[in-house]
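**Q** Those sequence lines, one after another, are chains A and B.
FYI, in the numbering used here the residues of the first sequence are 1 to 454.
FYI, in the numbering used here the residues of the second sequence are 1 to 454.
Bear in mind the hints are in silico, worked out from the structure with no lab data behind them.
Keep in mind it's a predicted model, so treat the numbers as computed, not measured.
Glycine residues also receive a C-beta, built at the ideal position from the N, C-alpha and C atoms.
With a straight-line cut-off of 16 Å between C-alpha atoms, the simulated EDC-like cross-links for lysine to aspartate or glutamate are:
hint, chain 1, residue 1, chain 2, residue 2
1, B, K31, B, E93
2, B, K348, B, E245
3, A, K165, A, E407
4, A, K274, B, E206
5, A, K274, B, E353
6, B, K274, A, E353
7, B, K390, B, D377
8, B, K73, B, E450
9, A, K51, A, E18
10, B, K274, A, E206
11, A, K348, A, E245
12, B, K51, B, D137
Rough simulated footprint, nothing fancy, chain A against chain B, three-plus residues with beta-carbon under 8 Å:
hint, stretch
13, 290 to 296
14, 414 to 427
There are 2 protein chains.
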Amino acid sequence: MSAPIGFIRSNLDRFQEELFELLRIPSVSAKSEHDGDTRRTAQWLADALTKAGLKAEIHETPGHPIVVAEWRKAGPDAPTVLIYGHYDVQPVEPLELWSSPPFEPQVREGRIWGRGTADDKGQLFMHVKALEAYLADGHALPINVVVLLEGEEEVGSPNLVPFVKEHRDLLACDYVVISDSGMFAPGLPTLLFSLRGLAYFEVEVEGPATDLHSGAYGGAVPNPGLVLARMLDTLLDEQGRIAVEGFYDNVVDWDQETRDAIAALPWNREAFMKETGAEGLVGEEGYSTLERLWIRPSCDVNGILCGYTGQGAKTVLPSRAMAKVSFRLVPDQNPDRVEELFRAHMSKVAPPEVRVQVRALHGGRPWRASVGGKGFDAAGAALERAFHKKPVLTGEGGSIPIVVDFEEVLDAQALLVGFSLPGCNMHAPNEWLSVQNFQEGIEALAYLYEELAR
Amino acid sequence: MSAPIGFIRSNLDRFQEELFELLRIPSVSAKSEHDGDTRRTAQWLADALTKAGLKAEIHETPGHPIVVAEWRKAGPDAPTVLIYGHYDVQPVEPLELWSSPPFEPQVREGRIWGRGTADDKGQLFMHVKALEAYLADGHALPINVVVLLEGEEEVGSPNLVPFVKEHRDLLACDYVVISDSGMFAPGLPTLLFSLRGLAYFEVEVEGPATDLHSGAYGGAVPNPGLVLARMLDTLLDEQGRIAVEGFYDNVVDWDQETRDAIAALPWNREAFMKETGAEGLVGEEGYSTLERLWIRPSCDVNGILCGYTGQGAKTVLPSRAMAKVSFRLVPDQNPDRVEELFRAHMSKVAPPEVRVQVRALHGGRPWRASVGGKGFDAAGAALERAFHKKPVLTGEGGSIPIVVDFEEVLDAQALLVGFSLPGCNMHAPNEWLSVQNFQEGIEALAYLYEELAR
Chain A
1 MSAPIGFIRS NLDRFQEELF ELLRIPSVSA KSEHDGDTRR TAQWLADALT
51 KAGLKAEIHE TPGHPIVVAE WRKAGPDAPT VLIYGHYDVQ PVEPLELWSS
101 PPFEPQVREG RIWGRGTADD KGQLFMHVKA LEAYLADGHA LPINVVVLLE
151 GEEEVGSPNL VPFVKEHRDL LACDYVVISD SGMFAPGLPT LLFSLRGLAY
201 FEVEVEGPAT DLHSGAYGGA VPNPGLVLAR MLDTLLDEQG RIAVEGFYDN
251 VVDWDQETRD AIAALPWNRE AFMKETGAEG LVGEEGYSTL ERLWIRPSCD
301 VNGILCGYTG QGAKTVLPSR AMAKVSFRLV PDQNPDRVEE LFRAHMSKVA
351 PPEVRVQVRA LHGGRPWRAS VGGKGFDAAG AALERAFHKK PVLTGEGGSI
401 PIVVDFEEVL DAQALLVGFS LPGCNMHAPN EWLSVQNFQE GIEALAYLYE
451 ELAR
Chain B
1 MSAPIGFIRS NLDRFQEELF ELLRIPSVSA KSEHDGDTRR TAQWLADALT
51 KAGLKAEIHE TPGHPIVVAE WRKAGPDAPT VLIYGHYDVQ PVEPLELWSS
101 PPFEPQVREG RIWGRGTADD KGQLFMHVKA LEAYLADGHA LPINVVVLLE
151 GEEEVGSPNL VPFVKEHRDL LACDYVVISD SGMFAPGLPT LLFSLRGLAY
201 FEVEVEGPAT DLHSGAYGGA VPNPGLVLAR MLDTLLDEQG RIAVEGFYDN
251 VVDWDQETRD AIAALPWNRE AFMKETGAEG LVGEEGYSTL ERLWIRPSCD
301 VNGILCGYTG QGAKTVLPSR AMAKVSFRLV PDQNPDRVEE LFRAHMSKVA
351 PPEVRVQVRA LHGGRPWRAS VGGKGFDAAG AALERAFHKK PVLTGEGGSI
401 PIVVDFEEVL DAQALLVGFS LPGCNMHAPN EWLSVQNFQE GIEALAYLYE
451 ELAR
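For reference, chain A alone in the conformation it holds in the complex (with noise of 0.2 Å):
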């Protein structure tokens, strides 16, 4: 056993710890109520990094503080690795539907619960960790390293590519480390291929000025709860493609292989919908589920709010009604183009009694790996490592759109490396990190460190 497997192993107890304490800060960006816990976020990053071993400092951006870590004495012939990380996570709502809260980890069934174990703090803690491993009493690491934490993902990264241009120099690197993702089932570890975009708007229609009696009223005035279910409707057709023209100009057809071999992964029916709860799965025909999850593009409501919500019978013809309603994109679809599309597509149902905005509030572009070369394989063999097991290769239906601009401005390859399970609830209640991929990821890590520099 190296060094910093022992290490390791020897400061779990303390480790946990410490990312509770990471954890019951409430890093929520998408709500300026917590823009404090935020920043108090950002610096407790920095100091752990500083008491890692690395020189960490936070950078002002219009938004939330992004925090930079290095260090760069493993010499000009070991690669530089950039290990990119979030530090905000999703809005909690609705509150009561978890089982603890959200900003209060604990331990139950070999689980660590709370908002942002998985998404993202727990897993780029496990660098953190990985990290400290190696620097530990004054030793070293095999690589460069610099760290690039953001407060922005979860509300579209807004400030971080015009940071990433920027410091160019600093951010130099040969490979983009992200643990942002998950593994294919316990114990399997997983290298991502691909990961789809996002096109995220808000729909506002507004029928009256004000709320009226829906008795004086109704019949006669256009009610925008039902303009709005109208024109929802026609996103999607009968075969469940989505109905926005020019929508699937862009989308690669995947060859076969990739198709043979999602088939081949041990994907269990009964299994997933045991984890969503639905009585049944949807999608577009012609693709098997994991195909549409990973390969193809989704279309989905949000949210929707329109008149009165609370208890008891209120009739009222309501002024407005709001729709949240986003696409997942595929390989070489546009977040840009599919606004065009989406916006035409959204004057185009909309009847003229009714005033209609559109609102794009997200934007992400897909993602595509460089399947095999050097970096590749170093990241399956540490993953092979600490897991005992070759890693799989799969898709992802999320979205981490700093991928492509990485991979852009960088000039560097991106290796996406994931530690959650299905099911950990990310963007949902109860969200949750296996206690056991927590170590392992940690030691998958410190293999990967030394993998790179081989």
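Keeping the supplied structure of chain A fixed, place chain B upon it in accordance with the hints.
**A** Showing chain B alone in chain A's frame:
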């Protein structure tokens, strides 16, 4: 000028001050946190009726209390008139749209602003003052009176019909006078020939058992927001007709005379559109706007709630979506039958991969007046004396379900004489009552008691 009219005119300032006291109590029947306020309102009215010279009593019900007050000294030959009103009010949300706080009444622009001014505290209070005008200083009323005020009209009057049935003797009467409706236009007194009924439902769609990450699951797991939109979109066809099978089976075709009378009313499309603030009007093909509002049924979405509706972009695949959906009914539709049809329709259009629940929240039968006869003529004469203009006959799009029950249980004739004006924002922010109608309405009611005694 008769003594009561003189009393009314010389006490108007005091009447208005007392009305403000009544309006300040937030008697929102739909919200249990206001239960104390609702009870306080009942007590306030019992006291006011006692001071006016009646014998008042508060009756407990399983819900909010009922106030009954009597004055029966007009002798056996004088008719008995039951005056019905409701002292509860609609919820006030969204609060930010009120120009002045809903429970802090103000006079501006010749209007009294505040929740309950028009619906119905302001109007029932006119009766209290008209009664007081007769009984002041030991004088007498020309009719026997029983006043019946409930606190649950805005939540469907669940306890009123049982109460009326149990107290047939106490409530026995020749006429039921209700002032909870409006005038067709300023200065144009109005008698109602019909009311629409109501069938109000809450529909809940559940997809996954908990909120999920829309990236990790979107495209394969049923989205309750999209499903609900699709289901709501089946409710109306392209001709603006309600597409629920069997819905029109019991809808009466009104006679040409009524339709001609409606067409002859001084209705102004531009003014109506300005009043609503909508960009255009909608409705069932083949009918005018007033017909759509009065003699044809309608369907409205009163509220929708699904997923994340706060600030920013939360990429959630929501577990649930809820809509409040209501139908206004016309003679001879029945809300129980409509419930059956609606449930059958929802079952038919619900896809198998979601769980759907339909809850009936509120129902009320439509009403059609017995136009003509002594009571109707008396009401017409009273209105003409107060407003110096012949009243018009109109329908009313809203519902007062109890009207049908009163006529049936008490074998009495209902007279609907109301004084709110178009655009008075019943059930909406910025509800108001015309100051002039407040005065002339009290006088009209004083005349009505006299005319009914002739």
